[in-house]
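Heads up: the protein sequence lines correspond to chains A and B, in order.
Each residue of the first sequence is one higher than the one before, starting from 1 at the first, in my numbering.
Each residue of the second sequence is one higher than the one before, starting from 1001 at the first, in my numbering.
In case anyone wonders, no lab produced these hints; they're calculated from the structure.
Computed from a predicted model, the values in this text were never measured in an experiment.
Errors might be hidden in some of the hints.
[What the hints assert, rightly or not] Pairs of lysine-lysine, DSSO-like flavour, derived with a Cα cap of 27 Å: (1) B:Lys1268 with A:Lys397; (2) B:Lys1186 with A:Lys272; (3) A:Lys170 with A:Lys36; (4) B:Lys1437 with B:Lys1268; (5) B:Lys1186 with A:Lys439.
[To be verified] Facing chain A, according to a computed beta carbon distance under 8 Å, are these residues of chain B, among others: (6) Lys1186; (7) Cys1189; (8) Leu1192; (9) Gly1195; (10) Glu1232; (11) Arg1289.
Even for Gly, the Cβ is constructed at its ideal location relative to N, Cα and C.
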Amino acid sequence: MPSTPFAAIPAVVQALSPEDAERLSNVSPTGWRNPKPLSRYHLLVIGAGPAGLVAARAAAALGAQVALIERHQLGGDCLNDGCIPSKSLIRTGRLLADMRNAANFGAVPPAELVFDFRAAMLRMRRITARISRTDSAMNLAREGIHLFFGTARFNGVDTVDVDGVTIRFKKALIATGSRSMLPDISGLPEAGFLTNETVFDLQVLPKSLLVIGGGPLGCELAQVFARFGSRTLISHSEPLFLPQEERDAAQMVSDALARDGVEIHLNSTVTKVHMEGGKKVVELLNDGNTATTRVDEILTGIGRLPAVQGLNLKAAGVAYDAEAGIHVDDFLRTSNPRIYAAGDVCLEHQFTNTAEASARIVVRNALFLGRQRMSALTIPWCTYTDPEVAHVGLYVKEARRRRIPVKTFTIPMHDVDRAIADGEEDGFVKIHVREGSDKILGATIVARHAGEMINSISLAMVTGVGLRTLANVVHAYPTQGAAIRQAADAYVRTRLTPLMVTLARRWLQR
Amino acid sequence: MNAQSAHALAAAGLAKIAPADEQMLDFLQRSAFDYFLKQTQERNGLVADTSRAGSPASIAVVGFALSVYPVAVERGWIAREDAVQRVLATLRFFSASDQSGTVASTGSRGFYFHFLDVETGLRAWQSELSSIDTALLIVGMLTAAAYFGGATPAETELRQLANMLYERVDWNWAEHDDDAVALGWKPECGFLNYGWQGYNEALVLYALGMGSTTHPLTEASFEAWTVTYQWENLYGIDFLYAGPLFVHEFSHAWIDFRGLRDRFMREKDCDYFENSRRATQIQRQYAIRNPRGFTGYGQDCWGLSAGDGPSVEPQKVAGRQQAFYGYAARGVPWGPDDGTITGSSVVASLVFAPDIALSALRLMFDRATSGKGRSVHASGFNATAGVDTTESGNAGWISEGEFGLDQGMIVLMIENFRSGLLWRLTRRIPCLRAGLKRAGFSGGWL
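With these hints in hand, go ahead and build the complete structure from the sequences.
In structure tokens, the structure reads:
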């Protein structure tokens, strides 16, 4: 390790806002001197997003010699272009929605609601800068991780080239994440568009915005920009948003977006874009009918493809394909037994928590003869629209496809006292159990705070707690999370057979 | 009330109800039948979708018309010969119709466009070639054929045409989306991508399609559909979930599902009839909760289903800005819900839950509108929407005119409640019996 990893404070950083300068100095310090490589590392990690950072840190903490290679910025999409920036803006959007609804709560809103887009974006930058302190390059170096900035390329089954320097490894982890997938739309490149990366660089709130793609990020950002005051449209090629989620949840998101004024175009594809009078003219095709709309900005590229390009995976003997990414077994091992993969580059579910969990598995399996399976994990996820949509475990459709008899205990949020008091009644808790038992197979929650609520279901599933036991867990009252106990109560009521009721009555009347 | 008592009540029918209720039902049924006398183009048998000026015909409404004629003959509302001629005109039109599938034809592969011009019988409103609406049309044809079993040349021709038109339907072609039946197809864009999944009104479609000897649906299609079912415990009641009430009613207008069970219902120790009873109870439970604070909702005012609703500006309801959705498939408990009640869905609940349906009907029958039963016959009414029409007085909004589907359901379901006529007739249809068996149904009258 060099005594100090910095050559000089880069001039470019000084020209940025203090927040951006701080974040960049943490995640991509210009002038960083790569360390002199060891003869061989226990673990070489390519990609310093959530998966790579977790793996590098966990391995280093256990005494392993770790090399971490990052091409661009530490933290990956999640910190720089994904979860954190979007959630910061979502919070602002929620506040605006609440202010518009203030009269319903007895608070008189200002006559004119003034929204300062620059201030909202500045807050977002301040937040990402602050979070970047934890995973800063200096911090990683202090933890004993050899951090290399540069482009990694395999040049053998146990070696990687980083900008001309060869690094050897006993075990390697590919955690390069994913990249935006751009739709093939005539005229779109010429007209210009925003992606999940560039949208957070906007300086001025667009007067109008078309979001192409109704996946989680598309729905989240469409709602945010509508709440900011942009005329917002969203087009999606399927009949419902969030194709992974159950129909009722997806429908609720659609209804919520419509309430916020988003113009919804389901079953629609954008066929053509061209510029006219400074506006992007967009043609949308639905059931054979073409409609035209004019917008200032288009946001797309919100589908993801695994980032497998340029790694020279063939040289390492690692099998992959462009759509599914790196092929791994249930232990996350690739076709080269020295090399593992984790996160978006190899997994169907491209979420930060999934990436981190898979990275922990790799550390155990690669370095400590572990046999932990990816399929054994219980991973919840959440789409942060308002209301949020959170899910864990099996969907009903999946269970039925596997011929598992499944029954759902449904509690509408309009039956939850605290949700009524909060004026947050849109949504539900649905807990799926194996028919005839209290074993939880999965759950979907749609609620304003569904992401917080789903965690107790995950806890129950991981620890093998069924609905019968959950019914005995006294919840704080009134809370929205008590909806989960209400579902458990509903389960217990179904176990009361007529015979049991008869016996109980006789006992009481004795 | 358990399943058995519900069945017993339904089977007992009118014998269990008061004379005043009997009069009310008689009035509602007879006046609903008048729709078909007034709105049918006698030359081709096509029936207007609604009584509003310029309405095209709906093939589903034609299916209902063909099914109500046996009721009308039995009740003495029209002569048998008159009914036969009406049915024959319809069948002759469809058998000779343009099946080229072009944008200006009547149908293709034995299916028909959802809406047809009443005069020309050609596609209207750029509508879709509809699988479910064709099924409702075809089951009407077969019901009429089952009833008009006489040896006269006219009735013989009627049966031959009905069978030919059934056999002409290429059900198998409609298996599109992972083997499940597609909702529709358009010449402009092919099959529609509407994700027609989850329990819906398609039981009769699958029964007909699977019973076909010419172009049958595969068994995989029924499996592909039922795998999307959701069995839920909601408000403490276990049921096969579907939001709008009509989903739980349409197929039951023809098929008596009491005691019939497919694999899913065997697993759940239930049947589709009992399930509809539970769905009715859930509608009532929702209305009692009235989470969105609509005017009038309560234990005797429920019935969220497909139907017309107000298309007016949003207004404040319970502190919230409430939009109104016009024609929509409203449902419980997730909506859409804008305070609109569909009267025919309550009438159709008579067979499933007569006690609560009659209570609700009495109230609806006497609502302050310009005529007795107007709120039942109208496609929807809404006491919340602040529109004061001259017709409805202070009772809020009420849908203009009448819709054919509603009148068809009123005639058929009151008849099933009173005599079970339609259920008895369809038991005689061999392809329905075969289709149900092939879908895995057993028990009951099978």
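Right, here's what the structure says about each hint:
1. B:Lys1268 with A:Lys397: holds, 16 Å
2. B:Lys1186 with A:Lys272: holds, 22 Å
3. A:Lys170 with A:Lys36: Cα-Cα ~17 Å, so holds.
4. B:Lys1437 with B:Lys1268: Given pair B:Lys1437, B:Lys1268 holds - Cα atoms ~18 Å apart, limit 27 Å.
5. B:Lys1186 with A:Lys439: Roughly 45 Å between the alpha carbons, so the hint for B:Lys1186 and A:Lys439 is violated.
6. Lys1186: holds, 6 Å
7. Cys1189: Since the shortest Cβ distance to chain A is 4 Å, the answer is holds.
8. Leu1192: Check passed: Cβ of B:Leu1192 comes within 6 Å of chain A, closer than 8 Å.
9. Gly1195: holds, 4 Å
10. Glu1232: holds, 4 Å
11. Arg1289: holds, 7 Å
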